[in-house]
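Residue strings, one per chain:
Number of protein chains: 2
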Amino acid sequence: MDIQELYSENVRKMKSSEIRELLEVSQQPGVISFGGGLPNTGAFPVGDIKKIVNDVLDEEGDIALQYGTTPGRKKLIEEIISMARKDDIKADIDNVIITVGSQQALDLLGRVFLNEGDTIFLGSPTYLGGINAFRSYGADMIGVPLDDDGMDVDKLEEKIKESRKEGKNLKMIYTIPTFQNPAGVVMSEERRKRIVEIAEENNLLLVEDDPYGKLRFDGKPLKPLKAYDENVVYLGTFSKILSPGFRLAYAIAPEEVTKKMVIAKQSIDLCTPTFTQSIAYRFIKEGYMDRHIPRIIKMYKRKRDLMLEALEEYFPEGCKWTHPHGGMFLWATLPEHIDTKEMFKDAIKEKVAYVHGRAFYVDGGGSNAMRLNFSNPSDEEITEGIKRLGKVIEKKL
Amino acid sequence: MDIQELYSENVRKMKSSEIRELLEVSQQPGVISFGGGLPNTGAFPVGDIKKIVNDVLDEEGDIALQYGTTPGRKKLIEEIISMARKDDIKADIDNVIITVGSQQALDLLGRVFLNEGDTIFLGSPTYLGGINAFRSYGADMIGVPLDDDGMDVDKLEEKIKESRKEGKNLKMIYTIPTFQNPAGVVMSEERRKRIVEIAEENNLLLVEDDPYGKLRFDGKPLKPLKAYDENVVYLGTFSKILSPGFRLAYAIAPEEVTKKMVIAKQSIDLCTPTFTQSIAYRFIKEGYMDRHIPRIIKMYKRKRDLMLEALEEYFPEGCKWTHPHGGMFLWATLPEHIDTKEMFKDAIKEKVAYVHGRAFYVDGGGSNAMRLNFSNPSDEEITEGIKRLGKVIEKKL
Chain B
1 MDIQELYSEN VRKMKSSEIR ELLEVSQQPG VISFGGGLPN TGAFPVGDIK
51 KIVNDVLDEE GDIALQYGTT PGRKKLIEEI ISMARKDDIK ADIDNVIITV
101 GSQQALDLLG RVFLNEGDTI FLGSPTYLGG INAFRSYGAD MIGVPLDDDG
151 MDVDKLEEKI KESRKEGKNL KMIYTIPTFQ NPAGVVMSEE RRKRIVEIAE
201 ENNLLLVEDD PYGKLRFDGK PLKPLKAYDE NVVYLGTFSK ILSPGFRLAY
251 AIAPEEVTKK MVIAKQSIDL CTPTFTQSIA YRFIKEGYMD RHIPRIIKMY
301 KRKRDLMLEA LEEYFPEGCK WTHPHGGMFL WATLPEHIDT KEMFKDAIKE
351 KVAYVHGRAF YVDGGGSNAM RLNFSNPSDE EITEGIKRLG KVIEKKL
Chain E
1001 MDIQELYSEN VRKMKSSEIR ELLEVSQQPG VISFGGGLPN TGAFPVGDIK
1051 KIVNDVLDEE GDIALQYGTT PGRKKLIEEI ISMARKDDIK ADIDNVIITV
1101 GSQQALDLLG RVFLNEGDTI FLGSPTYLGG INAFRSYGAD MIGVPLDDDG
1151 MDVDKLEEKI KESRKEGKNL KMIYTIPTFQ NPAGVVMSEE RRKRIVEIAE
1201 ENNLLLVEDD PYGKLRFDGK PLKPLKAYDE NVVYLGTFSK ILSPGFRLAY
1251 AIAPEEVTKK MVIAKQSIDL CTPTFTQSIA YRFIKEGYMD RHIPRIIKMY
1301 KRKRDLMLEA LEEYFPEGCK WTHPHGGMFL WATLPEHIDT KEMFKDAIKE
1351 KVAYVHGRAF YVDGGGSNAM RLNFSNPSDE EITEGIKRLG KVIEKKL
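Protein chains in written order, with this note's numbering: chain B, 1 to 397; chain E, 1001 to 1397.
Because the hints were derived from the structure by calculation, they are not lab data. Among the hints, erroneous ones may be present.
[What the hints assert, rightly or not] Label pairs and their calculated CB-CB ranges:
| hint | chain 1 | residue 1 | chain 2 | residue 2 | range |
| --- | --- | --- | --- | --- | --- |
| 1 | B | ASP58 | E | GLU1021 | 28 to 36 Å |
| 2 | E | ARG1012 | B | GLU60 | 54 to 62 Å |
| 3 | B | GLN28 | E | GLU1021 | 48 to 56 Å |
| 4 | E | GLY1047 | B | ASP290 | 44 to 52 Å |
| 5 | E | GLU1394 | B | SER82 | 36 to 44 Å |
[Stated by the list, open to error] Computed from the model, here is a short list of chain B residues facing chain E with C-beta under 7 Å:
| hint | residue |
| --- | --- |
| 6 | ASP2 |
| 7 | LEU6 |
| 8 | VAL11 |
| 9 | LYS13 |
| 10 | GLN27 |
| 11 | GLN28 |
| 12 | GLU116 |
| 13 | THR119 |
| 14 | GLU200 |
| 15 | ASN202 |
| 16 | ARG247 |
| 17 | ALA264 |
| 18 | GLN266 |
| 19 | LEU270 |
| 20 | THR333 |
| 21 | HIS337 |
Each residue gets a CB set at the ideal place from its N, CA and C atoms; glycine is no exception.
Chain B on its own, in the form it takes in the complex (with noise of 0.2 Å):
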């Protein structure tokens, strides 16, 4: 049989994670490893999670077990709504739909929105798992530089503007404005609000992923794009507040949109664990979520600190990286001549590992910076390891 001969077109858009490869070299004995975006074990309210499920067991497993609807359980909808409502988010129980982790949600944006060739604007960097779903639609991805300010919404306008006169069918922006995956920088109040303001005049979909905004080590809080503008679609998840293990996120968007997603998620998936939904319902509704996430923030903000520490201790003069108010990385760069993808192989004999730049930018860039990631690695690990890179990146000056 020649399975070949059977394939469609879309295998020739699928791209196996470059990452991942890394990260399973990462995962060597003895390795510390700065590579992955994992949350810390410690940080999982594993005892808080056994008293709800045995709850749920107890006095709903009928539900809990039972295949949901594709929105989502209710329940959940109205607990998240509720959360939203603080950030200044309005939003009805038409608006939301429970996504198998956010990756999820923009695998589904993907599918409702991007024919072959179609334009996205992305940060340049960005995340990883967003340049992949939208590259297996076949999407035409322009990459839009970062300062500490977040994405440079001059530049943006630009580039749209370039990509008009081309010909393009421009179709969304897609932007992680808080704590970004993977520069941790915060995009300033003045940018969000023009940036919605360049979505509408330009008929864009403006796409916001906030996987770490609860995270906020330091600094004043801003609103998020959606609170602007009803027509943002804001991605939400509970991986990096409860656990990723339960896979469960959120989208919320003009309901039309919702509507979509939900028709394309019915043939997807047919629905998000019923069970999990449950557990992360009640871990909201009774309290444990606002005495959980003070919890990570402390332990995420003194490894942040330490991070910070070693940086200044042991990297050579000549490398910068990014002081994140909140989320789980910072991003170093390196002197230009340093290639940071070469050098992985030095650093994995030191036994360090890191995601070299080049990985997150669609257009190139980024080939002598890094991410670092500081949530995972425990504190000795952290201090450890940003000393054994200081010495790779020496021997390299």
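Chain B is fixed; fit chain E onto it per the hints.
Then chain E, alone, in the frame of chain B:
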């Protein structure tokens, strides 16, 4: 903002499941529904799950709540391989991918194999979720009649020949050989051997969907198609033998196909819930599954018998129905002049619901048929509901 203008061409191919709307009507208070395809909530092993969840959280909460790998937890895959071996299916770790329900496996197969307009052959009637998944990729679906021995393989060969002559691009045969949804019939051994040959001779991917195979009430088990040919893609699920709310299923496929499905899944949702995978693993490993399946069989066998008795007693002459040896459905055929889609309104007035036959056909047919689910309703509801339905039919004679 004009969102309409931004939608992709995919949206055109999406169709909200007609059945979902019918099912909503059937949830009106007092309505006895034979419509859904739901397990009985009394068949959920709530106490076992409670015990297991506590162990999972005590012993490996850090893994069960964290991100997992895209193919799925290795421990669970190994248990699936052992289960499959009992059915004469040989598989290695690289042949298996854990999916968010079998629906996701169907979607992944669509993505990996189907270009717009590609032809696939499936039962007339067949599973609605299959029709929806393949339609969303713009497949050209050709129905192949069933009889008491399952899909008519001679007709299948004819249709393949015809389609080749018409210059169609043939890709796949999709079949549910055991306790077919919706018809409840089982493909004979002779036909099983033949359909595997037909797939090989014509270089078509043969997809065997087997959600009900373990729910056999009587008669001798037959080998799955996969046991005859390793090129078959076999789909199994935990939805009918453990909990659909866990959203856990699996595909066993040739390694190169599994690999493509894994790459596709990376951009679709990263991974299947680690939490429910960890529970399912122990459910099998610790022997709960082997003790639990006979309990479900006992319950559903009783319900099938009750439904057959009630049909015998209350359905008017001129009606016939299948006598399934397992699964969750039977298929009733009424006198030809009765349109079951039209009759649905009358049935709802009498507070009883079913799914009309036409919903399961890609090319017409089934207008005087209906699918009756016996797993979900209570024993009393089965007798009372069939009595009501008998009255509705009588008025149409």
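Right, here's what the structure says about each hint:
no.: 1; hint: ASP58/B x GLU1021/E: 28 to 36 Å; in the structure: 33 Å, holds
no.: 2; hint: ARG1012/E x GLU60/B: 54 to 62 Å; in the structure: 39 Å, violated
no.: 3; hint: GLN28/B x GLU1021/E: 48 to 56 Å; in the structure: 53 Å, holds
no.: 4; hint: GLY1047/E x ASP290/B: 44 to 52 Å; in the structure: 32 Å, violated
no.: 5; hint: GLU1394/E x SER82/B: 36 to 44 Å; in the structure: 51 Å, violated
no.: 6; hint: ASP2; in the structure: 6 Å, holds
no.: 7; hint: LEU6; in the structure: 6 Å, holds
no.: 8; hint: VAL11; in the structure: 6 Å, holds
no.: 9; hint: LYS13; in the structure: 9 Å, violated
no.: 10; hint: GLN27; in the structure: 11 Å, violated
no.: 11; hint: GLN28; in the structure: 16 Å, violated
no.: 12; hint: GLU116; in the structure: 9 Å, violated
no.: 13; hint: THR119; in the structure: 12 Å, violated
no.: 14; hint: GLU200; in the structure: 6 Å, holds
no.: 15; hint: ASN202; in the structure: 10 Å, violated
no.: 16; hint: ARG247; in the structure: 4 Å, holds
no.: 17; hint: ALA264; in the structure: 6 Å, holds
no.: 18; hint: GLN266; in the structure: 6 Å, holds
no.: 19; hint: LEU270; in the structure: 5 Å, holds
no.: 20; hint: THR333; in the structure: 27 Å, violated
no.: 21; hint: HIS337; in the structure: 33 Å, violated
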